[in-house]
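Undergrad: For the record, the sequence lines run as chains A and B.
In terms of the numbering used here, the first sequence opens at residue 1339 and continues consecutively.
In terms of the numbering used here, the second sequence opens at residue 1255 and continues consecutively.
Keep in mind that a hint or two might mislead.
[Said to hold, decoys possible] Beyond 10 Å from chain A on every Cβ pair, some chain B residues (computed):
| hint | residue |
| --- | --- |
| 1 | L1273 |
| 2 | L1437 |
| 3 | W1459 |
| 4 | A1460 |
| 5 | G1481 |
| 6 | G1514 |
| 7 | L1525 |
| 8 | Q1564 |
| 9 | V1588 |
| 10 | E1704 |
[To be verified] Here are some, though not all, of the chain A residues that point toward chain B, as calculated from beta-carbon distances under 10 Å:
| hint | residue |
| --- | --- |
| 11 | Q1341 |
| 12 | S1368 |
| 13 | G1392 |
Keep in mind the hints are simulated off the structure, nothing from the lab.
Computed from a predicted model, the values in this text were never measured in an experiment.
In this text, a Cβ means the ideal position worked out from N, Cα and C, and glycines have one as well.
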Amino acid sequence: MEQALIFFFENKEAIFIIALSVFVGIEVISNVPAVLHTPLMSGANAISGVIIVGGIILVGHANLTSFSLNLVLGVLALVFGTLNVVGGFAVTDRMLEMFKKKKK
Amino acid sequence: MDKVLGTINGMDFTIGDSLLELSYLIAALLFVYGLKLLSHPATARRGNLWAAGGMGLAMITTLLLHKNDSGAGIPLLNMWIIIAFIGIGSAIGWIIARRVKMTAMPQLVSLFNASGGAASMLVALLEYPNAIAGDIGSILVTVLGLIIGSVAFSGSVIAWAKLDGRVGDIMKPFMTYINLVLLIVTLGMGVFVVFSPTPPSDLMWAIYALTVLSLVYGVMFVMPIGGADMPVVISLLNALTGIAAAMAGFIYGNQAMILGGILVGAAGMILTMLMCKAMNRSLLNVIIGSFGGGGAAGAEHEHGTIKEIQLSDAAVLLSYSQKIVIIPGYGLAVAQAQHIVHELDALLEGKGIEVKYAIHPVAGRMPGHMNVLLAEADVPYEQLVEMDAINPDMPNVDVAIVIGANDVVNPAAYDDPSSPIYGMPIIDAHLAKNIIIMKRGMGKGYAGIENYLFFNDKTRMLFGDAKSSIQKLVNEIKSM
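Please work from the sequences and hints to get the whole structure.
TA: Below is the structure:
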């Protein structure tokens, strides 16, 4: 119990952010029309690529004087993260472009 | 420019630190704003670009301004390695996103989701040895990030393989129990790692074991799921990737990551719930997979007879109708028949016939699959009608054409309490004056449930590949 309270106090800002973002997330996408389900999912998927920031920090703080498994894995994290971000936003844009085109 | 501005908790902070956090705030706001715009048709494209801008900003400022926060304030190392591999990832992502066929969209979304999950898994795995023994909070978020990221990664890879037709649905009754045991073992292992007083560097065996367990669980959890349940799972995996990224955000105390991740997690969960509601099932029910067990009782119903229709008769029937509704399903996507079906509807519209498409929320293999597919074939937006909007009008419809859809038009959902899909909202094809069903053969739908619509007196079957059937139908109508 004490541990939990300590955890809460030390991370209170982050926990506030989580609690509020849950509501923001629900509020922002409620009543989304079915036609946008795929692009919305794909766009949200690209946003979850924010893990790339973690990847940058990870590799940026690693001591890479010698070749190691960690180096390979860290670099893989970077590639996977950017793949998610760039691919995700690009494909969402392509999808939405298609939706727009047919409206004319 | 990196002047020390002041001190918080005994640590100096500089202009750079301050600007970095400010950029994270802007990035987080752009994520929210982008997602908001993404949920309205008119602004969706702009929304996507805003969110992408937020991501670009967060990446650039992290590269330029992030410092090791252990007091020394060392700037990021390995700058060129980072830039090089970001470049490689961007190039691959861009090329795949631009080149891939629109019909392969569900696979692609799964694949990108898998890569996000893999990144979260790797970050958690590599950060774990840096955790301090006994710091339960930070080990907890690392372990959660590892488990969730791994499950999202391997689960999405399986989802991709299924959508790409490389892996079939493997559903055995005992798998439910294996999965349950696997889940308990994985979580138990996680709890052990979190509460163990052993320094993390001595617990590497446990963390590797945990990674493997989570990866296996991801595979086993998606393996039995298929058919109309696929959109639910795709959307759930998407939410998981977001949550995994948020956990990694906790490790670094990075608010942009926490907010972005949770935002995606919450939005993904809502979409998941929406899909579940469209099938009148609970999420737990989808994951455990009750399909396959309960369908046997339906076999006692009398079948009636199947009546086929000739192409020429179908052409006449369609040409003399006033109102036609096309109900597409996954079969349309498999047959790649979206272009030819648009040709058919344009031909009929040219004769003054009103043609609409009735879209069931879980038709296809991902949320909104049919919309993307038909948009690719330039079917006008106004012609796509959602289930709730079209159903009241179904009795006035002269011909309902069902193309590659099955469970979403099965009247057993209304009148057979023993059917596994009982209670699921369906498109009321059975109320139309005539029904034409295009099907490859007499196979059952994913759920293995008999579809009484096929035996309806108003129903005529048109067997064969949807693409060539529609092509012949178009030729027939043209030659009339």
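Undergrad: All hints are to be evaluated individually against the structure, with a verdict given for each.
TA: Each hint tested on the structure:
With a minimum CB-CB distance of about 15 Å to chain A, B/L1273 clears the 10 Å threshold, and the non-interface call stands. For B/L1437, the shortest C-beta to C-beta distance to chain A comes to about 23 Å, beyond the 10 Å cut-off, and the non-interface label holds. With 10 Å as the threshold on Cβ separation, the claim that B/W1459 sits away from chain A holds: the shortest Cβ distance comes to roughly 15 Å. With a closest Cβ-Cβ approach of about 17 Å to chain A, B/A1460 is found to remain outside the 10 Å limit, as its non-interface label requires.
Separation of B/G1481 from chain A is adequate, the least Cβ-Cβ distance of about 17 Å exceeding the 10 Å criterion. The non-interface label for B/G1514 is inconsistent with chain A: the shortest C-beta to C-beta separation is roughly 4 Å, within 10 Å. Distance to chain A contradicts B/L1525 as a non-interface residue, since its nearest Cβ pair spans about 6 Å, not more than 10 Å. Even its closest Cβ contact with chain A, about 33 Å, leaves B/Q1564 beyond 10 Å, as expected for a residue assigned away from the interface.
Non-interface status of B/V1588 relative to chain A is upheld: no Cβ of that chain comes within 10 Å, the nearest being about 17 Å off. B/E1704, annotated as away from the interface, keeps every beta carbon of chain A farther than 10 Å; the closest lies near 28 Å. The beta carbon of A/Q1341 is positioned within 10 Å of a beta carbon in chain B (closest approach about 6 Å), and the interface hint is therefore held. With a cut of 10 Å, the hint placing A/S1368 at the interface with chain B holds, because the nearest CB-to-CB distance is about 7 Å.
Satisfaction of the interface hint for A/G1392 is found here, the shortest Cβ-Cβ separation to chain B being roughly 4 Å, below the 10 Å cut-off.
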